[in-house]
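J.: In order, the protein sequences belong to chains D and R. If you read the first sequence in my numbering, its first letter stands for residue 17, the second for the next number, and so on. If you read the second sequence in my numbering, its first letter stands for residue 17, the second for the next number, and so on.
Derived by calculation from the structure, the hints in this document are not laboratory data. Don't take each hint at face value.
It does not matter which identical chain is used: a pair holds within one copy or between any two.
[What the hints assert, rightly or not] Straight-line Cα separation of at most 20 Å, DMTMM-like style, residue types lysine to aspartate or glutamate; simulated pairs:
no., residue 1, residue 2
1, K458, D281
2, K319, D283
3, K384, E341
4, K319, D346
5, K97, D249
6, K125, D159
7, K126, D281
8, K467, D45
9, K26, E94
10, K429, D241
11, K125, D164
12, K265, D45
13, K126, D159
14, K125, D281
15, K467, D377
16, K141, D377
17, K278, D117
18, K125, E321
19, K125, E320
20, K429, E326
21, K184, E339
22, K26, D512
23, K458, D117
24, K97, E85
Protein chains: 2
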Amino acid sequence: MPEQYSNILKLRKLGIDTHSENIIFVRFDSQICRSEGFTASTRVVVSFEGRSIIATLNVITSGLLQDGEASLSEYAFERLKAREGDLITVVHLRPILSFSDVRAKMFDKKFNEHALQSIISDITKGYYSHIEIAAFVTVCSGDNLALDEVIYLTKAMINSGSMLSWPKPLIIDKHCVGGLPGNRTTPIIVPIIAAAGLTIPKTSSRAITSPAGTADVIETMTPVDLTLEQIQDVVRKEGGCMVWGGAVKISPADDIIIYVEKALDVDSAGQMIASVLSKKAAAGSTHTIIDIPVGDTAKVRTKEEAFLLEYYFRAVGLSIGLEVEVLITDGSQPVGRGIGPALEAQDVLAVLRNEPNAPPDLRNRALKLAGLMLEIANVAPKGNGIIQAQQLLESGEALAKFYRICDAQGGFKEPVHARLYHHVPAMSNGIVTKIDNRRLAKIAKLAGAPKSPGSGIHFKAPIGSRVQLGQPLFTIYSESQGELNYALSFLNSTNDVIQIDSER
Amino acid sequence: MPEQYSNILKLRKLGIDTHSENIIFVRFDSQICRSEGFTASTRVVVSFEGRSIIATLNVITSGLLQDGEASLSEYAFERLKAREGDLITVVHLRPILSFSDVRAKMFDKKFNEHALQSIISDITKGYYSHIEIAAFVTVCSGDNLALDEVIYLTKAMINSGSMLSWPKPLIIDKHCVGGLPGNRTTPIIVPIIAAAGLTIPKTSSRAITSPAGTADVIETMTPVDLTLEQIQDVVRKEGGCMVWGGAVKISPADDIIIYVEKALDVDSAGQMIASVLSKKAAAGSTHTIIDIPVGDTAKVRTKEEAFLLEYYFRAVGLSIGLEVEVLITDGSQPVGRGIGPALEAQDVLAVLRNEPNAPPDLRNRALKLAGLMLEIANVAPKGNGIIQAQQLLESGEALAKFYRICDAQGGFKEPVHARLYHHVPAMSNGIVTKIDNRRLAKIAKLAGAPKSPGSGIHFKAPIGSRVQLGQPLFTIYSESQGELNYALSFLNSTNDVIQIDSER
Numbered sequence: 017m018p019e020q021y022s023n024i025l026k027l028r029k030l031g032i033d034t035h036s037e038n039i040i041f042v043r044f045d046s047q048i049c050r051s052e053g054f055t056a057s058t059r060v061v062v063s064f065e066g067r068s069i070i071a072t073l074n075v076i077t078s079g080l081l082q083d084g085e086a087s088l089s090e091y092a093f094e095r096l097k098a099r100e101g102d103l104i105t106v107v108h109l110r111p112i113l114s115f116s117d118v119r120a121k122m123f124d125k126k127f128n129e130h131a132l133q134s135i136i137s138d139i140t141k142g143y144y145s146h147i148e149i150a151a152f153v154t155v156c157s158g159d160n161l162a163l164d165e166v167i168y169l170t171k172a173m174i175n176s177g178s179m180l181s182w183p184k185p186l187i188i189d190k191h192c193v194g195g196l197p198g199n200r201t202t203p204i205i206v207p208i209i210a211a212a213g214l215t216i217p218k219t220s221s222r223a224i225t226s227p228a229g230t231a232d233v234i235e236t237m238t239p240v241d242l243t244l245e246q247i248q249d250v251v252r253k254e255g256g257c258m259v260w261g262g263a264v265k266i267s268p269a270d271d272i273i274i275y276v277e278k279a280l281d282v283d284s285a286g287q288m289i290a291s292v293l294s295k296k297a298a299a300g301s302t303h304t305i306i307d308i309p310v311g312d313t314a315k316v317r318t319k320e321e322a323f324l325l326e327y328y329f330r331a332v333g334l335s336i337g338l339e340v341e342v343l344i345t346d347g348s349q350p351v352g353r354g355i356g357p358a359l360e361a362q363d364v365l366a367v368l369r370n371e372p373n374a375p376p377d378l379r380n381r382a383l384k385l386a387g388l389m390l391e392i393a394n395v396a397p398k399g400n401g402i403i404q405a406q407q408l409l410e411s412g413e414a415l416a417k418f419y420r421i422c423d424a425q426g427g428f429k430e431p432v433h434a435r436l437y438h439h440v441p442a443m444s445n446g447i448v449t450k451i452d453n454r455r456l457a458k459i460a461k462l463a464g465a466p467k468s469p470g471s472g473i474h475f476k477a478p479i480g481s482r483v484q485l486g487q488p489l490f491t492i493y494s495e496s497q498g499e500l501n502y503a504l505s506f507l508n509s510t511n512d513v514i515q516i517d518s519e520r
Numbered sequence: 017m018p019e020q021y022s023n024i025l026k027l028r029k030l031g032i033d034t035h036s037e038n039i040i041f042v043r044f045d046s047q048i049c050r051s052e053g054f055t056a057s058t059r060v061v062v063s064f065e066g067r068s069i070i071a072t073l074n075v076i077t078s079g080l081l082q083d084g085e086a087s088l089s090e091y092a093f094e095r096l097k098a099r100e101g102d103l104i105t106v107v108h109l110r111p112i113l114s115f116s117d118v119r120a121k122m123f124d125k126k127f128n129e130h131a132l133q134s135i136i137s138d139i140t141k142g143y144y145s146h147i148e149i150a151a152f153v154t155v156c157s158g159d160n161l162a163l164d165e166v167i168y169l170t171k172a173m174i175n176s177g178s179m180l181s182w183p184k185p186l187i188i189d190k191h192c193v194g195g196l197p198g199n200r201t202t203p204i205i206v207p208i209i210a211a212a213g214l215t216i217p218k219t220s221s222r223a224i225t226s227p228a229g230t231a232d233v234i235e236t237m238t239p240v241d242l243t244l245e246q247i248q249d250v251v252r253k254e255g256g257c258m259v260w261g262g263a264v265k266i267s268p269a270d271d272i273i274i275y276v277e278k279a280l281d282v283d284s285a286g287q288m289i290a291s292v293l294s295k296k297a298a299a300g301s302t303h304t305i306i307d308i309p310v311g312d313t314a315k316v317r318t319k320e321e322a323f324l325l326e327y328y329f330r331a332v333g334l335s336i337g338l339e340v341e342v343l344i345t346d347g348s349q350p351v352g353r354g355i356g357p358a359l360e361a362q363d364v365l366a367v368l369r370n371e372p373n374a375p376p377d378l379r380n381r382a383l384k385l386a387g388l389m390l391e392i393a394n395v396a397p398k399g400n401g402i403i404q405a406q407q408l409l410e411s412g413e414a415l416a417k418f419y420r421i422c423d424a425q426g427g428f429k430e431p432v433h434a435r436l437y438h439h440v441p442a443m444s445n446g447i448v449t450k451i452d453n454r455r456l457a458k459i460a461k462l463a464g465a466p467k468s469p470g471s472g473i474h475f476k477a478p479i480g481s482r483v484q485l486g487q488p489l490f491t492i493y494s495e496s497q498g499e500l501n502y503a504l505s506f507l508n509s510t511n512d513v514i515q516i517d518s519e520r
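Taking the hints into account, I'd like the entire structure generated from these sequences.
T.: See the structure below:
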């Protein structure tokens, strides 16, 4: 074997942002392409100072790079902690063994515990391409995961990231199974529970397929991207926090999976349960309440579906030592008036500030959940929780606690909606009888939510409202004309987002 | 709506090859990113002179592009037929409606005819990202497609591309369900059948997960990338052709799907049947023979599996007016001696040239299939086909026809194996009792096949051979040292690629 070859390349910065995909750029006529047989779309291992990533090769056919040079996508530069001028080595990727379990699952072979541990560990390390993650998300979608598989997945996700621990025996948390625009009870509940002296280290996620995740909403008022140490400081000082879970690497695989779920616009039950409960367990919770809104156009459409989810949540919780209470709630229409990060934050503040025009549905939901949490934690006698929660809210103690938590997280700012807007009027007189949450959410997303935090919808006519021809039903806010036009063009192509029946 | 915005950008060539993925590169601070809300990984529609593609946005954070400029991946430049300096328009992608049927299939809702027509049509137009195609491939994998879904998929694939028609009433074809290294009967059968005066417009595919597809093998001897018109000329002149199906856009969606299947290393039964039969129908065949090799390490492992495939092939054939005969053959060991494009081509030529050391297994398989085809076409009486095929081969008529077909396709050249090689010796005396086709195929792929056509394996010891310690079992050929090393490192990490039992 006489041939000599070198697989060392010098990095140049080209400044190409590919979101969360690792790409390496190499010249078509470079020694490494010729000697290693690399062509576009080959998967390779790139190493620098003991760290390795797996990247997809893009081949440069122009003079952007010199022989012996390579470049990386911005994400790959970050993950490798490398800079211009650094020397990297590039070698072939060995087959990723855990992917054979994904392939076997396509043929209906169940995942065992080892398989899911390996898959989640490899995804965490960045070994899976987006194509491979898409296949994994797909085999886990629908009702393709049995209870034991969801338990294994949950445990694998807990093991993949950091764990928080607290010096208190009872740590309480809550989660809402999304799909209901505007249902932003977290930033109301956390200050109530913390004001009652309990510990609630709440981590939230960003939007998957919705116009806003709770973390997106809170971020319009206070920083949510805190380190583990910062979170522990905030909770030690104030008893509660309202942060983004991804920032603390509590479940790093989850964030990569969620990116692909978002691209596919799917969100499977098994993945969702594993994602939610692994984050609760990793955040050190002992008790948690799950709110499942049910409605025609909510994420969960029937009571039967909700009962099945309740069973999974309880059973998986049991297997990981987490006490889970489920509350099945009405999901027939949006909660509050805003849809989109800043617009929902404005609703939250109206409730906390006890403003007379605060959305009563959001207020009532938050009080109901907070009340149940106070009862479970034995702070309030059974049946008395909601009254105690109401007292904490109306006395201003919750608002004061909210500001203190925001201060501890980095400071409070008022959320501001976008400057471009369009009022959508009623096309007839009558009574609002039906609201299509999915289409409303799509309009808010097309208007730019959650990427543009000020974009979304301000909703003016809940079910049962009497409206007049020409009266605004909702207002679309957007930070860019292109997106506003696009939302309007979708609105014009669709019927019955809000159904108005004439009175008889 | 007072804001003005422009979505027109001027193209610059950066020369970035991303294989078959459409990428558009735009500056982070460009007006279009700000006004349209575009960020990395957004999917957009790029239009030029009435043509449109869908592309994924990569954001340039450096000075590679000026404001008002954009660049495309090489593949996107090609698909859009655009050049440096051309003005393109970029707009948001409307949701791809057909993908909601893929999502529904994740929840076990069956595909109907309309759904599969729309999906295949959208994939053909390049509307699906690789992530979306990966999800589609995954929901179709395993035995997730019922018979009617396979029929719809087959019809959709037929409709997605060009159709060939011939002035003869009987057009015959054959196909082998892969997984058996070296089983390259096509370039032997085509000249025999054409020499018998029949019409056989054979299109073949490139490798999906194997070290060589038939098109890869033939390409080491003659061009296979012909236009529709050229194919028709060749067949009119010589009665047969041996070309790559993808080149003529007979089933353009199939090639994109195959790229993702390759990345995932999966190949589902339903997709495979639809892919095979749609190509036969689109190529104008009336009769076809399907060879299904069965063996422990072949693609089809059990007779039961082969019977089920036979049922699907016949039933789908019936529904699209194609007469299908299935031949279930022995798939327990590689056919011929070569694995890899050029090495397999050398076996083919040895058979056609009636060389005394020509691999008898390849010769016998080709004659058996050709004989059955002559009988089905009523050229030979039942039971006499194989004798007639043998006469055409031994008389040299088949070889003469082979050269004439190659000449018509653009000329014949001798296939050449790679210059780097390594002999793998027997580790003991004994008899070869078992061969692991899958691992042999993997070694050939790691050595560079089929990308490097001269790479692969030359196999010296079929089952039943008596071997001595140190005697070569097979030789690995590779065109690059890196790949040869990688194949050897895999070989050293694995056991029993070839099992030798001591004689008692």
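J.: If a hint holds in the structure, say so; if it does not, say that too.
T.: Results for each hint:
1. K458 with D281: within (11 Å within a copy, 35 Å between copies)
2. K319 with D283: within (19 Å within a copy, 39 Å between copies)
3. K384 with E341: within (13 Å within a copy, 68 Å between copies)
4. K319 with D346: This pair counts as within: shortest intra-copy Cα distance 10 Å, inter-copy 54 Å.
5. K97 with D249: neither (27 Å within a copy, 58 Å between copies)
6. K125 with D159: Classified as both: same-chain Cα gap 14 Å, cross-chain 12 Å, threshold 20 Å.
7. K126 with D281: between (24 Å within a copy, 19 Å between copies)
8. K467 with D45: between (40 Å within a copy, 16 Å between copies)
9. K26 with E94: For K26 and E94, the Cα distance is within 20 Å only inside one copy (16 Å; across copies 30 Å).
10. K429 with D241: within (15 Å within a copy, 63 Å between copies)
11. K125 with D164: Within one copy, since 13 Å is at most 20 Å while 24 Å is not.
12. K265 with D45: Classified as neither; 40 Å inside a copy, 30 Å across copies.
13. K126 with D159: So K126 and D159 pass the 20 Å test inside a copy (13 Å) and across (15 Å) alike.
14. K125 with D281: For K125 and D281, only the inter-copy Cα distance (17 Å) is at most 20 Å; the intra-copy one is 25 Å.
15. K467 with D377: For K467 and D377, the Cα distance exceeds 20 Å both inside one copy (26 Å) and across copies (62 Å).
16. K141 with D377: Cα proximity of K141 and D377: none, with 43 Å in one copy and 46 Å across.
17. K278 with D117: between (23 Å within a copy, 16 Å between copies)
18. K125 with E321: between (25 Å within a copy, 16 Å between copies)
19. K125 with E320: between (27 Å within a copy, 18 Å between copies)
20. K429 with E326: Neither, since 37 Å and 68 Å both go past 20 Å.
21. K184 with E339: within (16 Å within a copy, 74 Å between copies)
22. K26 with D512: Answer is neither; intra-copy 58 Å and inter-copy 41 Å both fail.
23. K458 with D117: between (35 Å within a copy, 18 Å between copies)
24. K97 with E85: Classified as within; 17 Å inside a copy, 30 Å across copies.
Of the numbered hints given earlier, the model fails hints 5, 12, 15, 16, 20, 22; all others are met.
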